[in-house]
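Go by the hints and put chain B onto chain A.
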Amino acid sequence: MTESGKPILYSYFRSSCSWRVRIALALKGIDFEMVPVNLIKDGGQQFSKAFQALNPMKQVPTLKIDGITIHQSLAIIEYLEETRPTPRLLPRDPKKRASVRMISDLIASGIQPLQNLSILKKVGEVSKDLREETQLTWAQNAITSGFNALEQILQSTAGKYCVGDEVTMADLCLVPQVANAERFKVDFTPYPTISCINKRLLALEAFQVSHPCRQPDTPTELRA
Amino acid sequence: MQAGKVSFPCSEALPEGTFPGRLRVTTYHDRVWQALALKGIDFEMVPVNLIKDGGQQFSKAFQALNPMKQVPTLKIDGITIHQSLAIIEYLEETRPTPRLLPRDPKKRASVRMISDLIASGIQPLQNLSILKKVGEVSKDLREETQLTWAQNAITSGFNALEQILQSTAGKYCVGDEVTMADLCLVPQVANAERFKVDFTPYPTISCINKRLLALEAFQVSHPCRQPDTPTELRA
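Taken in order, these protein sequences are the chains called A and B. With this note's numbering as the guide, the letters of the first sequence map in order to residues 639 to 862. With this note's numbering as the guide, the letters of the second sequence map in order to residues -1 to 233.
One chain only, chain A, in its complex shape:
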């Protein structure tokens, strides 16, 4: 915590995992200090000794709060939910909570790790020639496999948002993943439900203030 007692979030403007936590903090009205970690500059600031001591996985986001350090975005969000329960990010009903976690995990384990910076770098290394083309195809495949499943699942869980009519942790995972998909030029024609929910969520203030184009570390040319 800072001297003022505020939580400290280590974040990268473009990291979809960091964006999930930024949305949660915004929705819950939690004031925090942001420390940007540039995943590209200086060979990747996440590899510095200082940051590695903070998060041995060398990843963002990392949150220092209430005297502890938490990493893994969903673990952070669940902690925020348990300690600052208003407004809710998980429904009361266990079956709906299961749907929220299932969708969140589908994205956080089933899509994002398969198309993040780190893995695309490794894909580039093993594919040698046709590196960029292979990386793009790899990322697109990871996302479309996941979105094919998600579009189907949402048919039974979605109301206004991913699960029913209230914003949940699942929505915090959806919007950043859609942004990633757009960056990798994924065709959204097969995903009308995902598109519709995403658009509805982006109209909400918390999703706007936390947007990658509005962060302290957003490069000038990408700033909104």
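Just to be clear, a hint being listed does not mean it is correct.
Far from chain B, some chain A residues (derived; all Cβ distances over 12 Å) [claimed, not checked]: (1) D680; (2) S686; (3) A713; (4) K798; (5) H849; (6) T856; (7) P857.
DSSO-like mimics (lysine-lysine), calculated; alpha carbons at most 30 Å apart, straight line [unchecked claim]: (8) A:K734 with B:K104; (9) A:K823 with B:K137; (10) B:K104 with A:K760; (11) A:K733 with B:K104; (12) A:K798 with A:K679; (13) B:K58 with A:K734; (14) A:K644 with B:K131; (15) B:K194 with A:K760; (16) A:K644 with A:K687; (17) A:K823 with B:K130; (18) A:K760 with B:K169; (19) A:K702 with B:K50; (20) B:K73 with B:K58; (21) B:K58 with A:K823; (22) A:K766 with B:K194; (23) A:K766 with A:K823; (24) A:K666 with B:K105; (25) A:K734 with B:K73; (26) B:K58 with B:K130.
Calculated directly from the structure, the hints in this document are not laboratory data. Ideal Cβ placement from N, Cα and C applies to all residues, glycine included.
Only chain B this time, still in chain A's reference frame:
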């Protein structure tokens, strides 16, 4: 489905020779199986062979059940849940004894952090599906590339986990009670052994794993003891 039972598609052993000398089951399977065993929940298992028939997870019937075409999938209380940690959290909320998450929110955060480190940060990067894709892009030196890839995914994660455990572990991953983090650890260690990862740098992981394997719930769910384990691979 009989009253009081749940159906649980799970993976089956790879044929010998694919990864020489070792029986294998996906870590997804083991986490949930262990949770059901710890909580004493009776269930019916429906095996889904990830190799046979081109992979039974790709059948229309299974895809309707789980659009991600993955195991495990649990049908319980009239709903279908996939994603192992979502399943375990549901079991915890509806059958809370014995606990798999501590009461204290800070300890719960540690449990989830370790579970997610494994479930998002290691396992998806070395599962059957991704190794197949790695093989496709690497063309020549396929098996060697796949093995190195899997080892790197695991050692990156284990390097971090070994460090994290220095501050969270007691007898087990978080304190002295078995938690969801331990359910993730054991199957991941089994995977690491299969990929011939050197455990010298991971004394804490090794020690906790050994302690967990002595518990009955972890024996019941160990890959070598499942109902669909081929006879020649059974412990």
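Name the hints, by number, that the structure is in violation of.
Those not satisfied are hints 3, 10, 12, 14, 18, 19.
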